[in-house]
Amino acid sequence: MERTANIDLAAWRSSPAALATSRQLSTRVFAGILIACACLSALLASWLPLQVSVVTVFLFAGPHNWFELRYFLMRMPVRFGRSRNFFVIAFAGIGFLTLAYVSLPLLNAFSLWPDNVWPTILASWNTLLLLWLGLLVGLRGRQKPKRDWSWAIPSSLGLCSLNWLAPEFFSLAIVYLHPLVALWFLDRHLRRRRPAWLRAYRVCLGLLPLLLIGMFWQLTRTPALADDNGLFWRITQHAGAQLLPNISSHALVAVHVFLEMLHYGVWLIALPLIAPLAKPATGRLSPAARKRARVWDVSSVPLARHPRGFPTLVTIALAFGVFLVAILWFGFSVDYVTTRDVYFTVAIAHVLAEAPFLLKMI
Amino acid sequence: MKPFFSLCILCLLLAAAMPTYGDIARRSPSPEKPRIVLHTSLTIVPDSKAYEGRLQISQGSLQELRAALANTPTNESMAQRIAHSSTRTMLAGLFMFLSLSFAGVWLARSVQARGQKAVAALLIGTAIVGAAAIIARANAGPPGSYLWRKLPQNLSKGAPTYGGIDIEIVPDANEGPGIKLIIPMRPER
Chain A
194 MERTANIDLA AWRSSPAALA TSRQLSTRVF AGILIACACL SALLASWLPL QVSVVTVFLF
254 AGPHNWFELR YFLMRMPVRF GRSRNFFVIA FAGIGFLTLA YVSLPLLNAF SLWPDNVWPT
314 ILASWNTLLL LWLGLLVGLR GRQKPKRDWS WAIPSSLGLC SLNWLAPEFF SLAIVYLHPL
374 VALWFLDRHL RRRRPAWLRA YRVCLGLLPL LLIGMFWQLT RTPALADDNG LFWRITQHAG
434 AQLLPNISSH ALVAVHVFLE MLHYGVWLIA LPLIAPLAKP ATGRLSPAAR KRARVWDVSS
494 VPLARHPRGF PTLVTIALAF GVFLVAILWF GFSVDYVTTR DVYFTVAIAH VLAEAPFLLK
554 MI
Chain B
58 MKPFFSLCIL CLLLAAAMPT YGDIARRSPS PEKPRIVLHT SLTIVPDSKA YEGRLQISQG
118 SLQELRAALA NTPTNESMAQ RIAHSSTRTM LAGLFMFLSL SFAGVWLARS VQARGQKAVA
178 ALLIGTAIVG AAAIIARANA GPPGSYLWRK LPQNLSKGAP TYGGIDIEIV PDANEGPGIK
238 LIIPMRPER
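Protein sequences appear in the order of chains A and B. When we follow the numbering used here, the leftmost residue of the first sequence carries the number 194, and every step to the right adds one. When we follow the numbering used here, the leftmost residue of the second sequence carries the number 58, and every step to the right adds one.
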């Protein structure tokens, strides 16, 4: 029986010798690229927040989900082994919470409950999410006997309490915090693949609050964005303009778009690029390694490559993902507003899926 | 590291040079005059047996008030939102209680003996400060009649009087239309 840890090692960890010789991209250049990308994103998001939001979601929302799917498949063990309970609860939670989240607006459309009950329903869903996360952290903690993860229970209960005080604000916090999870993935990934870059990366992360403060400082005094059409109104509402009326919607949308751009950047550029950049500086990749470096190559996924793996299932999943991305682009082209609403509702699944896979990396 | 820092400074400068129109100050809001939404009658009744001040609003006046407020934009604060949902407040309290209980058990198990004393002192201190805050801010103050006792003198002086009040909705048949303010007043001996 193959364990998760073995798959992780095989799929992502380079040998120390390879890491020592792989210095194709220096740490300074890496840090410079990160800072330049972050500043450029902040500039674009501050300059034309609504337009940039429309364009980035159109172009990158679907593909970044496909890359996440592929990443999760890469991280999936062939046999669950000791992690059986963890993965069963993780997938059950993802399925149930996603179905519940998607069904809420549908049920609300039929006016099954008065408007004033909506915050209570929202708080109930958030509570289930927090309890699920607490349970996952607890299960993961059991696999780490050297660490005490019991704090997860009081933490999740404390967050539940805050959630019941202001459920709308709690949901808004998820909107803003979710993009940052990608940065945590990158941190864990760098720790395994490019430890030499980790320090520079964390220094760059320290600049992120400065950028956010700078954006708020510049934009909170600007007039609110003109959300006079349905699309722009939805974008400002998504960023919390209604919940935070004392903050300029320009600042809110700009910050949200900036974080989304970082999120897309990590999943679409940073994480896929790290593997090819880790090739030995002395020469070329071996044919097998080059083959594995291609993102569309199914055999690069351990779950498909393993003798006891599921190559057909992985191929179908990735192909179906490509199909969904094409459908999403088609939908955006035909009716952007509706497709955007549907996308951000269904996309809760990928938000939820990030939690167990991130926990497995910690 | 010099080129790296130069690049950092350049990028920060670029970020700081974000839209210049961001510096245009907003117009200072002019103070809004209070708007009369309803005219009704008010009866003030001293009551020697009352413990707390009561504002009785008849059903009819309440409906008129609701109708008048229907067109008034509302912008509830966070405290108002919480105060208007007792179920959510109770659940928040329940989860907070559970959270603190589990946190206490976790701290007691994880921290060493010497640390336990410090944690216990911290928790007791927090509880005392919390209780003091509750007493200061909530309904643990003196009885309503005490706060209202200087109302006659203050009225003759033209000075304001501060006191708590309960708002009641009473049927029209009992008291007739309008609003009645019952002030707890103890007769002077």
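None of these hints come from the bench; they were simulated from the model. Incorrect hints may have been included.
Unchecked claim - Quick list of simulated restraints, FRET-style, between CB atoms: (1) A:Trp377 - B:Ser167: 53 to 61 Å; (2) A:Thr508 - B:Leu180: 34 to 42 Å; (3) A:Leu299 - B:Val102: 47 to 55 Å; (4) B:Ala190 - A:Leu424: 53 to 61 Å.
Claimed, not checked - Here are some chain A residues the structure puts well away from chain B; computed CB gaps all over 12 Å: (5) Gly288; (6) Val310; (7) Arg333; (8) Pro388; (9) Leu466; (10) Val491; (11) Thr508; (12) Tyr536; (13) Thr538; (14) Ala542; (15) Met554.
Glycine residues also receive a C-beta, built at the ideal position from the N, C-alpha and C atoms.
Hint check results:
1. As the Cβ distance of tryptophan 377 (chain A) to serine 167 (chain B) is approximately 24 Å, the hint placing it in 53 to 61 Å is violated.
2. The beta-carbon spacing between threonine 508 (chain A) and leucine 180 (chain B), approximately 57 Å, falls outside the hinted interval of 34 to 42 Å.
3. At about 54 Å, the CB distance of leucine 299 (chain A) to valine 102 (chain B) agrees with the hint of 47 to 55 Å.
4. A hinted range of 53 to 61 Å is violated for the C-beta pair alanine 190 (chain B) and leucine 424 (chain A), which are about 46 Å apart.
5. Separation of glycine 288 (chain A) from chain B is adequate, the least Cβ-Cβ distance of about 25 Å exceeding the 12 Å criterion.
6. The beta carbon of valine 310 (chain A) is not kept farther than 12 Å from every beta carbon of chain B, the shortest such distance being approximately 10 Å.
7. Listed as outside the interface, arginine 333 (chain A) is consistent with that label: its C-beta sits roughly 16 Å from the nearest C-beta of chain B, beyond the 12 Å cut-off.
8. Residue-level check passed: proline 388 (chain A) sits 18 Å from the nearest beta carbon of chain B, beyond 12 Å.
9. Residue-level check passed: leucine 466 (chain A) sits 19 Å from the nearest beta carbon of chain B, beyond 12 Å.
10. With a closest Cβ-Cβ approach of about 39 Å to chain B, valine 491 (chain A) is found to remain outside the 12 Å limit, as its non-interface label requires.
11. At roughly 42 Å from the closest C-beta of chain B, the C-beta of threonine 508 (chain A) stays outside 12 Å, upholding its exclusion from the interface.
12. Distance to chain B confirms tyrosine 536 (chain A) as a non-interface residue, since its nearest Cβ pair spans about 29 Å, more than 12 Å.
13. For threonine 538 (chain A), the non-interface assignment is confirmed: its Cβ lies about 24 Å from the closest Cβ of chain B, beyond the 12 Å cut-off.
14. No Cβ of chain B approaches the Cβ of alanine 542 (chain A) within 12 Å, the least distance being about 26 Å, so the stated non-interface status holds.
15. The claim that methionine 554 (chain A) is not at the interface with chain B holds, since no C-beta of that chain comes within 12 Å of its own (minimum 24 Å).
Hint compliance for this structure: hints 1, 2, 4, 6 are not met, and every other hint is.
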